[in-house]
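Spelled out, the chains give:
Protein chains: 2
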Amino acid sequence: MPHGCNGRILRVDLSKEKILTETLDDIFYRRYVGGEGFIAYFLLKEVKPGIDPLGPSNKLIFASGPVTGAPIPGNGRSSVGAKSPLTGGFGEAESGGFWGVELKRSGFDAIIIEGKAKRPVYLWVHDREAEIREASHLWGKDTGEAQRIIREELGDDLIRVAQIGPGGERLVRYACIINDLKDVAGRTGMGAVMGSKNLKAVAVRGRGRVNVVDSEKLKELTNWLIQNMNDVIGWAHNYGTGASIAAYAMIGNLPTRNFRDGNFSNAEAIDAEAVKNTVRIGMDGCYACPVRCKKVVRIGDPWSVDPVYGGPEYETLAALGSNCGIDNLNAICKANEICNRYSLDTISTGATIAFAMECYENGLLTNEDTDGLKLNFGNAEAMVQMVEMIGQRRGLGDLLAEGVKRAAEKIGKNAEKFAIHIKGQEIPMHEPRLKRALGLGYVISPTGADHQHNLHDMGITGGGRDLNRFAALGILEPIPLEDLGPRKVKALIYHVDWCVLNNCLLLCNFIPWDYLQETEIVRSVTGWNTTAWELMKIGERVTTMARAFNVREGFTKEDDWLPERFFHPTSSGALSETSVDPKKLEEARGTYYEMMGWDENGVPKKAKLEELGIGWVAELLR
Amino acid sequence: MPHGCNGRILRVDLSKEKILTETLDDIFYRRYVGGEGFIAYFLLKEVKPGIDPLGPSNKLIFASGPVTGAPIPGNGRSSVGAKSPLTGGFGEAESGGFWGVELKRSGFDAIIIEGKAKRPVYLWVHDREAEIREASHLWGKDTGEAQRIIREELGDDLIRVAQIGPGGERLVRYACIINDLKDVAGRTGMGAVMGSKNLKAVAVRGRGRVNVVDSEKLKELTNWLIQNMNDVIGWAHNYGTGASIAAYAMIGNLPTRNFRDGNFSNAEAIDAEAVKNTVRIGMDGCYACPVRCKKVVRIGDPWSVDPVYGGPEYETLAALGSNCGIDNLNAICKANEICNRYSLDTISTGATIAFAMECYENGLLTNEDTDGLKLNFGNAEAMVQMVEMIGQRRGLGDLLAEGVKRAAEKIGKNAEKFAIHIKGQEIPMHEPRLKRALGLGYVISPTGADHQHNLHDMGITGGGRDLNRFAALGILEPIPLEDLGPRKVKALIYHVDWCVLNNCLLLCNFIPWDYLQETEIVRSVTGWNTTAWELMKIGERVTTMARAFNVREGFTKEDDWLPERFFHPTSSGALSETSVDPKKLEEARGTYYEMMGWDENGVPKKAKLEELGIGWVAELLR
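Heads up: the sequence lines are chains B and R, in that order. Numbering-wise (my numbering), the first sequence opens with residue 1 and increments by one. Numbering-wise (my numbering), the second sequence opens with residue 1 and increments by one.
Hints listed in this document are in silico derivations from the structure and should not be mistaken for laboratory results. Hints may be right or wrong, so weigh each one.
A pair counts as met if it fits within one copy or between any two copies, since identical chains are not told apart.
As the list claims (entries may be wrong) - With a cut-off of at most 16 Å between alpha-carbon atoms, the simulated EDC-like pairs for lysine to aspartate or glutamate come out as follows:
#1 Lys16 with Glu114
#2 Lys606 with Glu587
#3 Lys118 with Asp214
#4 Lys18 with Asp581
#5 Lys583 with Glu482
#6 Lys276 with Glu361
From just these sequences and the hints, can you work out the full model?
Okay, here's the thing in structure tokens:
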């Protein structure tokens with residue numbers, strides 16, 4: 001096994017109450033790496049197609065990466081995956097923080113959870129051991145309370161807890177898994193899978209050391225980041241995400257009222273500068289990271305917010321803010337806190353409420369449906385109340401807990417046109433009408449619309465340092481945002497490969513290590529004689545494996561498509577005269593398939609699978 | 001333009017006696033790099049399909065690379081290309097030595113020769129200037145004499161001369177271009193193209209400096225090589241090529257009697273150790289290289305060999321030795337000297353004589369055809385005489401000067417079965433029956449069978465350092481020689497990409513810089529923020545451009561095939577019970593096309609061309 005890793009994973013069968021330790025060899029690590037790579041491997045190998053994502057046959061996989069816990073900034077992430085109850089396809093999400101590092105130090109690199117416990121349980125992992133423990137007393141408790149009790153009964157305040165709140169317990173299809181009450185693996189409903197297994201929490205503690213090959217080199221890279229902080233990632237260090245909201249509103253990148261409108265007049269009220277100047281009491285960070293990009297907010301009555309639940313990221317500010325037509329920062333922070341208490345993904349929660357608001361304003365939902373709640377765009381109180389109702393599956397919340405796709409089907413009456421999702425997952429908070437490659441990225445993401453498989457396309461259009469960065473991959477000239485031609489598709493592919501690589505290594509997507517620095521990090525931690533070539537191929541490999549999982553589940557190219565709304569301009573604002581051309585999108589999708597070595601239906605070809613060293617996947621697609 | 005380059009090329013129209021200087025920008029360099037990349041670019045852009053390779057419409061392109069002349073070992077190479085008179089397709093060959101460095105220092109990175117001079121001329125390039133000079137007095141002179149006269153009349157003994165001898169003048173289809181009398185751009189008949197233009201020589205001299213970005217880093221890498229010389233490239237330092245001939249004979253890798261037989265009993269008599277112990281008087285090298293892998297031999301009467309013509313490389317020892325059934329080292333050295341005097345490619349010369357010997361032994365050529373010469377395998381005197389006859393196009397030499405493909409057509413009577421070539425180019429001296437990926441490499445090489453587009457596949461099968469090297473590209477496990485399945489095809493592709501990259505950078509294929517060291521070299525010379533990803537993509541890009549050139553010339557997948565002989569075992573020796581399975585070869589060829597993003601006929605697809613940043617090539621293939 002490589003340096004940086006334990007070579008050991010935990011397999012927990014909740015049905016049989018059996019715990020096994022398995023070992024993995026160096027070549028396995030080098031091919032599947034960790035994180036999303038491990039998840040794609042085990043899901044393809046062990047989860048049969050067609051199973052119920054919320055049934056006992058689904059498997060929930062927690063995974064660290066080879067660099068997790070090494071002394072280098074940006075390696076506090078961990079990843080969790082399963083067949084998604086939201087999309088029915090490949091499900092995976094990552095969170096920052098400390099939990100993954102603690103897992104690594106406990107002596108395990110990953111945990112595979114199988115079956116379903118007869119009654120609520122939690123898993124206690126520490127120092128190369130694991131134990132399934134009773135959790136009936138925790139069931140129904142919010143995350144803060146549950147964490148307090150777990151730490152108390154295990155007698156250790158440094159225990160890190162990944163858990164679900166009542167939202168996950170109640171199988172809200174977009175329930176998340178939350179670590180330390182604020183570090184969130186948000187997308188694809190992994191919290192619902194956890195709930196379906198009667199698993200309240202995974203508590204971890206370890207005292208192991210993460211051995212690396214060249215700690216001097218890592219120190220050098222860390223120093224580079226510290227010395228260049230303001231230059232390369234000052235925005236995150238000073239504001240965290242969301243500093244650009246006002247600018248986004250001007251250029252049309254701020255989703256507004258369920259992606260319907262193009263202008264949000266009071267955008268400054270909800271951006272990260274406003275957060276800093278009003279409710280922010282400090283910044284928090286992940287393991288070993290000097291950037292500290294995570295806001296901590298405190299608010300008094302009436303919407304009192306407890307700082308232990310962190311503060312809203314950009315996606316949250318937009319999803320529960322502008323996308324619901326809301327400019328009340330306190331309300332957004334409160335909704336964020338409730339999401340973290342209940343373990344709800346803030347993106348899907350906000351997007352689902354925005355959908356309901358548009359249905360309400362168009363008469364598809366009535367006061368009867370909402371129990372009298374005036375669910376208009378901009379109604380902050382209604383939004384906050386709705387979040388709580390979703391977490392409790394109370395009233396309309398029960399319907400909205402299913403996500404926009406299923407809710408629209410149940411509402412009928414053409415509600416589908418307000419359901420802004422891809423493959424059943426609600427779309428994150430950037431504008432496909434503005435950022436065309438981002439739109440295609442949402443379309444082809446194996447997890448449904450997802451911003452951690454396709455961060456943004458600023459880097460491709462930006463000059464200076466950004467362009468120099470991409471040049472290292474042979475992208476030598478800037479490409480305009482509106483371009484959706486082959487050069488943009490290529491840039492997207494390289495960008496996605498790199499994002500997915502980071503989801504395997506579990507390196508942060510924000511810290512702008514260039515490709516050579518990132519190669520150095522992997523070499524210095526693992527001892528692998530690796531190159532950017534091998535690393536980019538990891539991203540391509542895992543992207544293709546996730547695709548294969550979806551193909552096997554019956555997804556077709558028709559599922560790789562944007563909601564109709566994006567083919568029309570916004571009602572006002574910067575994008576009131578432009579939209580995605582469906583013909584160009586179709587062409588770009590075809591180009592994407594062909595560049596990826598997939599056939600015209602998006603099915604990976606045998607030769608490509610062989611080239612990626614995963615010829616065995618071809619057997620699964622027959 | 002990047003550091004290490006002049007940003008300036010010379011365009012010489014011999015018909016109009018016009019000389020132009022053109023400039024190239026940084027992006028052009030970064031995309032097409034130099035050497036084979038420049039050649040592929042200009043041939044595709046400027047040479048119309050269907051032209052006569054020996055007519056005035058062909059263009060002859062000399063090119064250095066960005067690292068040529070920088071202070072780093074292995075950068076003494078230069079490249080020359082044109083439409084090949086031997087294959088009718090993409091022609092390109094490289095040589096080591098000093099000429100390319102001198103060109104770089106003269107202020108130009110490449111020279112494009114167009115048209116045809118009315119009478120013999122030579123080109124004199126120096127200090128940012130160039131001049132077309134009368135060469136009638138040089139025409140018919142051998143290379144040594146011509147070089148002496150040129151240096152004398154220009155009054156400078158340090159002038160480097162790339163030239164043809166009487167073989168090139170007489171349009172021997174596999175005539176080479178020779179620098180410093182011993183550094184040879186051997187394959188694809190570039191010397192015939194030069195002869196067809198009435199161009200005897202390109203003499204260069206320069207006093208410019210090659211500026212680099214980080215000379216300290218280059219010094220560090222040089223020191224690494226010097227300190228690890230014996231470990232990483234001791235074989236070349238101590239013996240030069242050909243040290244393994246005895247071992248090759250045992251395992252069946254030594255082509256014997258026109259690839260017919262598998263055993264060559266006296267192999268030790270012609271290997272590099274025998275050379276060292278008998279005729280060798282020293283070792284010579286290329287610019288800035290401490291390896292010094294080039295033998296210098298001197299022999300007295302009757303086969304006196306002048307040491308200025310160097311000594312035989314492995315390919316020469318086998319082609320004019322074992323493949324002609326000859327174990328007389330003096331004869332081989334003499335034949336090598338004649339080839340260098342006449343500018344004949346030793347591989348094609350030896351292979352063509354071996355072909356003639358087999359025809360002779362089978363009665364397809366008679367004493368009448370040979371003017372009484374007993375052209376049996378093993379007849380060293382006849383071989384030496386035949387080389388001279390080819391250079392003079394005298395008697396049977398005139399027929400053999402056409403290469404085995406055309407000679408077999410003229411001989412008829414089934415002579416084709418003895419014509420061991422691919423696309424018209426004679427096969428170099430490694431055994432496709434043993435090294436299966438090498439066989440496929442010969443098959444798909446755009447230049448016809450060629451060992452500089454596909455060096456060998458030892459690295460993929462070897463352990464230790466070699467395996468560690470390939471691991472950097474994600475090839476994690478050894479692959480047996482006899483494997484021709486998808487994992488071998490993939491390894492071949494990566495290997496070819498890297499060889500072709502080196503043909504663009506003009507870095508030596510022998511010095512085993514690992515991929516990261518090579519990346520460091522390019523970064524340190526040019527200042528490009530590059531990675532192994534970008535570099536490997538250069539190899540893929542240029543391979544695909546060369547393929548496109550051939551597609552446009554009408555080559556089809558039927559041209560990508562081995563001679564029938566390799567589908568049968570050798571008559572004796574280690575390969576007497578094994579051969580290439582044509583079904584497996586066909587499958588592997590298909591896999592190769594698919595992995596390359598080409599269609600089932602081997603035509604590069606539009607999306608792949610776009611991905612490689614050469615969408616404009618698609619227009620040429622319509």
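Results for each hint:
1. Lys16 with Glu114: within (9 Å within a copy, 80 Å between copies)
2. Lys606 with Glu587: Between copies only: 12 Å across, 23 Å inside.
3. Lys118 with Asp214: neither (47 Å within a copy, 65 Å between copies)
4. Lys18 with Asp581: Close neither inside one copy (53 Å) nor across copies (51 Å); limit 16 Å.
5. Lys583 with Glu482: Close inside one copy (14 Å), not across copies (48 Å); limit 16 Å.
6. Lys276 with Glu361: Classified as neither: same-chain Cα gap 33 Å, cross-chain 92 Å, threshold 16 Å.
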